[in-house]
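Line by line, the protein sequences give chains A and B. Under my numbering, residues 2 to 258 are what the first sequence spells out, in order. Under my numbering, residues 6 to 282 are what the second sequence spells out, in order.
In case anyone wonders, no lab produced these hints; they're calculated from the structure. A quick note: this is a predicted structure, and the numbers were derived from the prediction, not measured. Any given hint might turn out to be false.
Said to hold, decoys possible - Calculated pairs, EDC-like style, for lysine to aspartate or glutamate (alpha carbon to alpha carbon, straight line, at most 16 Å): (1) Lys14/A - Glu36/A; (2) Lys67/B - Glu125/B; (3) Lys263/B - Asp229/A; (4) Lys263/B - Asp228/A; (5) Lys263/B - Asp211/A; (6) Lys263/B - Asp202/A; (7) Lys244/B - Glu248/A.
Chain by chain, the residues:
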Amino acid sequence: MTTSPSKALVVDKLEVTFDRFRALRGVSLDVMPGESFGLVGESGSGKSTLLRAIAGLAPTTRGSITVNGKLLGKSRTKAFYREVQMVFQDPYGSLHPRQTVDRLLLEPLAVHGFADIEKRILRALDEVGLGSSFRFRYSHQLSGGQRQRVAIARALILEPSILLLDEPTSALDASVQAEVLNLLEQIRRDRKLTFLMVSHDLAVVTHMCDRLMVMQNGAEVERLSADDLAAHKVTQAYTRNLLVASEGFVRPDIPAA
Amino acid sequence: MSTLLTVNDLRVQFPTRTGVVDAVRGVSFTLGRERLGIVGESGSGKSQTGRAIMGLTPSHAKITAETLNFDGIDLLKVSAAERRSLRGNRIAMILQDPKYSLNPVMSIGRQIVETLRTHEKVSRSEARKRALDMLAAVQIRDPERVFDLHPHEVSGGMGQRAMIAMMLITGPELLIADEPTSALDVTVQLDVLAILDNLVRDRGMGLIFISHDLRLVSSFCDRVIVMYAGRIVEEIAAKDLHNAKHPYTQGLLNCMPKIGADTHPLPVLDRKPEWAA
Chain A
2 MTTSPSKALV VDKLEVTFDR FRALRGVSLD VMPGESFGLV GESGSGKSTL LRAIAGLAPT
62 TRGSITVNGK LLGKSRTKAF YREVQMVFQD PYGSLHPRQT VDRLLLEPLA VHGFADIEKR
122 ILRALDEVGL GSSFRFRYSH QLSGGQRQRV AIARALILEP SILLLDEPTS ALDASVQAEV
182 LNLLEQIRRD RKLTFLMVSH DLAVVTHMCD RLMVMQNGAE VERLSADDLA AHKVTQAYTR
242 NLLVASEGFV RPDIPAA
Chain B
6 MSTLLTVNDL RVQFPTRTGV VDAVRGVSFT LGRERLGIVG ESGSGKSQTG RAIMGLTPSH
66 AKITAETLNF DGIDLLKVSA AERRSLRGNR IAMILQDPKY SLNPVMSIGR QIVETLRTHE
126 KVSRSEARKR ALDMLAAVQI RDPERVFDLH PHEVSGGMGQ RAMIAMMLIT GPELLIADEP
186 TSALDVTVQL DVLAILDNLV RDRGMGLIFI SHDLRLVSSF CDRVIVMYAG RIVEEIAAKD
246 LHNAKHPYTQ GLLNCMPKIG ADTHPLPVLD RKPEWAA
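Construct all of the structure, not just a fragment, from the sequences and the given hints.
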């Protein structure tokens, strides 16, 4: 029944332990090529840790990760980073403050020994909707939305097949969030990318993803499709609470004293 | 409803090397004992409006207003000392992130006691008792324990409750909450809002709730002011928000993804230069 070679990403009973704290307690998931999979939960639920473990940024103590049919070992190879790239939450913290956009985009190309650097940088900027006029600016000269576009361009420039998105829009205004979400959707369609996206915002995840997993305390609470979530077809009380909470404040009816 | 605060043609300007930046450009509103929401994007001037009322604008900025009146006191004319006695006493402010707004090297209890003893002559034991009562009022389950903890030892939700306790211990009449729940998880967010809601209702405070989250504000406040580029573009009753007339308000509402609504791509704001005019 398993067709794991055709899956883009398989995580099997993954455990991450920091000192004695178990941040992930045996989490499994599988993502098909071209699919967009969401991870939802509160802070401390382990959703970001799962993403970082896949990228090789968190120590795994047990379990396995398979990317495009290849089982990952302790360290990540260069080839892995050509396949998998990550976009971080805070565009103010994830771009080097003393490097120009040009230099930021050049770095991954140089590391991986690409030849047609000039063309790729221009194309990457164009793809994320920034003109070539942004090429020699520093990140402090850009707005939050523009910075996140640069971060996306940097992730895309190696032409990965899988993009790990860690709260890519939570530091942005709602109007800018809409622009960045639209951009992400468009590049996923154009490049047939696979997304694994973390967010605390149920509305963002259901908008972007086909399937999602709700996490709490480093473990899975429930896995469901975005349609089921929209139809309130949830089985766990925790998910229902999140769903109610995301609809805004409800004033309890209190009779006037 | 008695008017607590009158703001008329408030302007805040920051002189910079490249010229004057107009952060707030002629904002007018009145506030009674109600919940007023101020909504806008970053840079819209919503926080600077709150800070000007509180008297926390940096000294190099220029504040002008026809009226900036709090309960009969002209806030622009009073001395710094009078302003200080108002601040934290009759006007209080809750900031966004308890991680940065609480003193990291002082226990939570001592910070609350300090606030109280700055404004009221009370004995140490009396102050401690009132601080513990206040911590209990913001639904901290074990006030005795939390009293002696430092800010880094508590969660974000707990820290924000402590912040609210500190601000409310003097019994202010006007509370300015600047993004009080943005750094919190959704479920914790609602707990904190419920606490604020109870306190506002029971104590009859006026509340200015500053936020970028239009949906949250509309479900929590009575009235909403929408700001864009330092000006008020629309003032509307929260329950009528879905009938907002200004294209900016409509745009802000529409660009948020909704659960169950299948709009791809999301509508984006088409900013018109005349909105800022």
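Problem set entry | Pair hint Lys244/B and Glu248/A, alpha-carbon separation not exceeding 16 Å | 15 Å, holds
Exercise. Holds or violated: are the alpha carbons of Lys263/B and Asp228/A at most 16 Å from each other?
Worked result: 12 Å, holds
Exercise. Are Lys263/B and Asp202/A close enough, with their CA atoms no more than 16 Å apart?
Worked result: 10 Å, holds
Problem set entry | Given pair status - Asp211/A, Lys263/B, alpha carbons within 16 Å | Holds: Lys263/B and Asp211/A sit about 15 Å apart, inside 16 Å.
For this session: Mind checking the alpha carbons of Lys263/B and Asp229/A for me, to see if they're no more than 16 Å apart?
Result: 14 Å, holds
Exercise. Holds or violated: are the alpha carbons of Lys14/A and Glu36/A at most 16 Å from each other?
Worked result: 21 Å, violated
Exercise. CA of Lys67/B to CA of Glu125/B, is that 16 Å or under?
Worked result: This hinted pair is violated, its Cα atoms lying about 32 Å apart.
Of the hints listed earlier, those the structure fails to meet are numbers 1 and 2, in rising order.
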